[in-house]
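Engineer: Here are the chains, one letter per residue:
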Amino acid sequence: MRDKKWPDTLKTILLRTAFVGGLLLVWEGLAAWGFADPFYVSRPSSILIDFKNLFVSGEIWPHIAITMQATLIGLILGCAGGVVTAFIMARFKLVEKIMDPLIVALYGIPKLALGPLFILWFGLGINSKIFLAFIWVFFIMYFNAYGGFKNVEPRLINAAKLMGASRAQIIFKIVLPSSFPWLFTGLRAGLGVALLGAIVGEYIGSMAGLGHLVQYAGNMFNTTRVFSTILVMTTLMMLMNEGVKFAERKILRWRPVDA
Amino acid sequence: MGCEVPVDNYPAPVWGGEEVRYCVGGLYHAFAGTDVPRISVLEDISFDVASHEFLAIVGPSGCGKSTLLNILSGLMKPSEGSVLLDGEPLAGISKKIGYISQLDSLLPWRTVLDNVTFGLEFRNVKTRRAREIARHLIAEAGLSGFENNYPHELSGGMKKRVDIIRVLAIDPEVIIMDEPFAALDVFTRELLQEYILNVWKETRKTIIFVTHDLTEAITLADRILLLSARPATIKAEYDIPLPRPRSPLEIRYNLTFIDLHRLIWRDLKVEVERSRSGVRCAR
Chain A
1 MRDKKWPDTL
11 KTILLRTAFV
21 GGLLLVWEGL
31 AAWGFADPFY
41 VSRPSSILID
51 FKNLFVSGEI
61 WPHIAITMQA
71 TLIGLILGCA
81 GGVVTAFIMA
91 RFKLVEKIMD
101 PLIVALYGIP
111 KLALGPLFIL
121 WFGLGINSKI
131 FLAFIWVFFI
141 MYFNAYGGFK
151 NVEPRLINAA
161 KLMGASRAQI
171 IFKIVLPSSF
181 PWLFTGLRAG
191 LGVALLGAIV
201 GEYIGSMAGL
211 GHLVQYAGNM
221 FNTTRVFSTI
231 LVMTTLMMLM
241 NEGVKFAERK
251 ILRWRPVDA
Chain B
1001 MGCEVPVDNY
1011 PAPVWGGEEV
1021 RYCVGGLYHA
1031 FAGTDVPRIS
1041 VLEDISFDVA
1051 SHEFLAIVGP
1061 SGCGKSTLLN
1071 ILSGLMKPSE
1081 GSVLLDGEPL
1091 AGISKKIGYI
1101 SQLDSLLPWR
1111 TVLDNVTFGL
1121 EFRNVKTRRA
1131 REIARHLIAE
1141 AGLSGFENNY
1151 PHELSGGMKK
1161 RVDIIRVLAI
1171 DPEVIIMDEP
1181 FAALDVFTRE
1191 LLQEYILNVW
1201 KETRKTIIFV
1211 THDLTEAITL
1221 ADRILLLSAR
1231 PATIKAEYDI
1241 PLPRPRSPLE
1251 IRYNLTFIDL
1261 HRLIWRDLKV
1271 EVERSRSGVR
1281 CAR
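Chains A and B supply the protein sequences, listed in that same order.
The C-terminal residue of the first sequence carries number 259 in our numbering, and the numbering is unbroken.
The C-terminal residue of the second sequence carries number 1283 in our numbering, and the numbering is unbroken.
If we strip away everything but chain A, and leave its shape as in the complex, we get (with noise of 0.2 Å):
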């Protein structure tokens, strides 16, 4: 069966790379015949080269890492908040009634207007960013986690009741698994917003870090520096993203078959 699937792979990833790279071809040309004007579009080749040189002279690895701290402490703290509280509100009927429309009302702010207020409480630095990020990934474990815990089927709650297990042990042995599913898609989602968030307080204010890379160099009209800057995010967020399917693929081994 393996064997029937790779060439199938391999032909999906050839005609997928043959689409990318005469789109880049595309742009190239564009750019190097004079349609448009690297002035404000560049051009790949010029991208890949500042690329290279960014890795190359190690410019950027402080840039990833400040902004790296600010994505990762935001995805735990949001992922343990949206957890922590979607578990209280599953399991406290009377918490649940009075907080659910709370939350939901809270989830429409849009996040975003609220940067310049973090700025203004936790100052330039990483908090305000962490906070951006923290914010965006809880409500999204949020609502994963809390679909999680209310989905769990009865069948084995009881069957492990019947089988004399306490309540801890019912949690930690029947809801906690059973949610995974529902924490892994909330996972994958908050990654992408919690870098998301780092990067958006990196651009309402910050001294370093990606998001600051691409504001500068696009207030110095450097639209090469503002695409590999971008290149680099997007690097990392599928570094990212492989991790976490990675993870969910031994975790989730028990699963049938369906991706």
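Be aware that a few hints might be false.
Unchecked claim - For each label pair, taking beta carbons as the anchor points, the in silico distance ranges come out as:
#1 B:Lys1077 x A:Glu153: 21 to 27 Å
#2 B:Ile1093 x A:Leu117: 51 to 57 Å
#3 B:Asp1086 x A:Glu153: 29 to 35 Å
#4 A:Val95 x B:Trp1265: 49 to 55 Å
#5 A:Ala105 x B:Thr1203: 54 to 60 Å
#6 B:Ile1093 x A:Glu153: 15 to 21 Å
Stated by the list, open to error - Below, computed lysine-lysine pairings styled on DSS-like, alpha-carbon distance capped at 30 Å:
#7 A:Lys150 x B:Lys1077
#8 B:Lys1095 x A:Lys173
#9 B:Lys1095 x A:Lys150
#10 B:Lys1201 x B:Lys1095
#11 A:Lys173 x B:Lys1126
None of these hints come from the bench; they were simulated from the model.
The beta carbon of each residue, even a glycine, is placed where N, CA and C say it ideally should be.
Since the structure of chain A is provided, determine the placement of chain B on it from the hints.
Structural biologist: For chain B alone, coordinates are given in the frame of chain A:
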């Protein structure tokens, strides 16, 4: 009938034991409705179960069999009446009882082996010992080689076997089964009937088996209780004096079997029709 009835007067089950395991007296149960005041589900249910007996309970669907089982397993408290298990009032869930329902309740994220050890985790059995017990039971159930498979990789019949040995692993004195084979195809069902007869013969546990399949009830049980349409009362009780060991494939051609089937079906049919017309009235 009640607990005071001397054991000697008790209709002796063909294979069953002597002591009274369950003593159910004067059960009434009603659910509080929101617009209707109360829906009565059980009315004056009394019966005993002997310690090695295989008891089947049949009745029209929706008659309150599941409510009765929930009460017998300690999941629910009856509105009125008492349930004694080995002479003591049943207060909540008991470690003496194992429960098997229609749909398997295997944990999809655990392998067969870890599913079988599941119940032992609540009984302070050391992991190594638990696995030993589980491996032994898995082998006996003919599932060797599937220890590390996940439930979704098994057939319906295999899952049911795992569900059963998971309960056997905790070694309860009573096994309550709520239409355990109803979701399986006929062929698999017959194999599992044979399997459960074997399990019962080997372990001599008390089995209370609810089914709506009369053939299945007669094939397996020492005694059948027939419940009426809702609110359920015990409408009749039949001893099944068929010889053991029984083969699910052969026994249905036995003349006694055919007579019993005709007799019980006649009574059951009345209740099924009553319960149907009841549904129509309610609509």
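Engineer: For a C-alpha distance cap of 30 Å, please report whether Lys1095 (chain B) and Lys150 (chain A) respect it.
Structural biologist: holds (28 Å)
Engineer: Do the alpha carbons of Lys1095 (chain B) and Lys173 (chain A) lie within 30 Å of each other, as the hint requires?
Structural biologist: With a Cα-Cα distance of about 19 Å, the restraint between Lys1095 (chain B) and Lys173 (chain A) holds, given a limit of 30 Å.
Engineer: Given the hinted pair Lys150 (chain A) and Lys1077 (chain B), is their Cα-Cα distance within 30 Å?
Structural biologist: The given pair, whose Cα atoms are some 26 Å apart, holds under the 30 Å limit.
Engineer: Okay, Val95 (chain A) versus Trp1265 (chain B) on CB: inside 49 to 55 Å?
Structural biologist: Once the Cβ atoms are compared, 54 Å apart, the range 49 to 55 Å for Trp1265 (chain B) and Val95 (chain A) holds.
Engineer: For the pair supplied as a hint, Lys173 (chain A) and Lys1126 (chain B), is the alpha-carbon distance within the 30 Å limit?
Structural biologist: holds (17 Å)
Engineer: Given a hint of 54 to 60 Å, does the C-beta separation of Ala105 (chain A) and Thr1203 (chain B) actually sit inside it?
Structural biologist: holds (58 Å)
Engineer: If I claimed the Cβ atoms of Asp1086 (chain B) and Glu153 (chain A) lie 29 to 35 Å apart, would that claim hold in this structure?
Structural biologist: holds (32 Å)
Engineer: Below or equal to 30 Å on CA atoms is what counts here, so check Lys1201 (chain B) against Lys1095 (chain B).
Structural biologist: holds (21 Å)
Engineer: Does the beta carbon distance between Ile1093 (chain B) and Leu117 (chain A) stay inside 51 to 57 Å, or does it fall outside?
Structural biologist: Given about 52 Å between the Cβ atoms, the range holds.
Engineer: So does Ile1093 (chain B) sit 15 to 21 Å from Glu153 (chain A), Cβ to Cβ?
Structural biologist: The hint (15 to 21 Å, Cβ to Cβ) holds, given that Ile1093 (chain B) and Glu153 (chain A) are roughly 18 Å apart.
Engineer: Is the distance from the Cβ of Lys1077 (chain B) to the Cβ of Glu153 (chain A) consistent with 21 to 27 Å?
Structural biologist: Given about 24 Å between the Cβ atoms, the range holds.
In summary, this structure violates none of the numbered hints.
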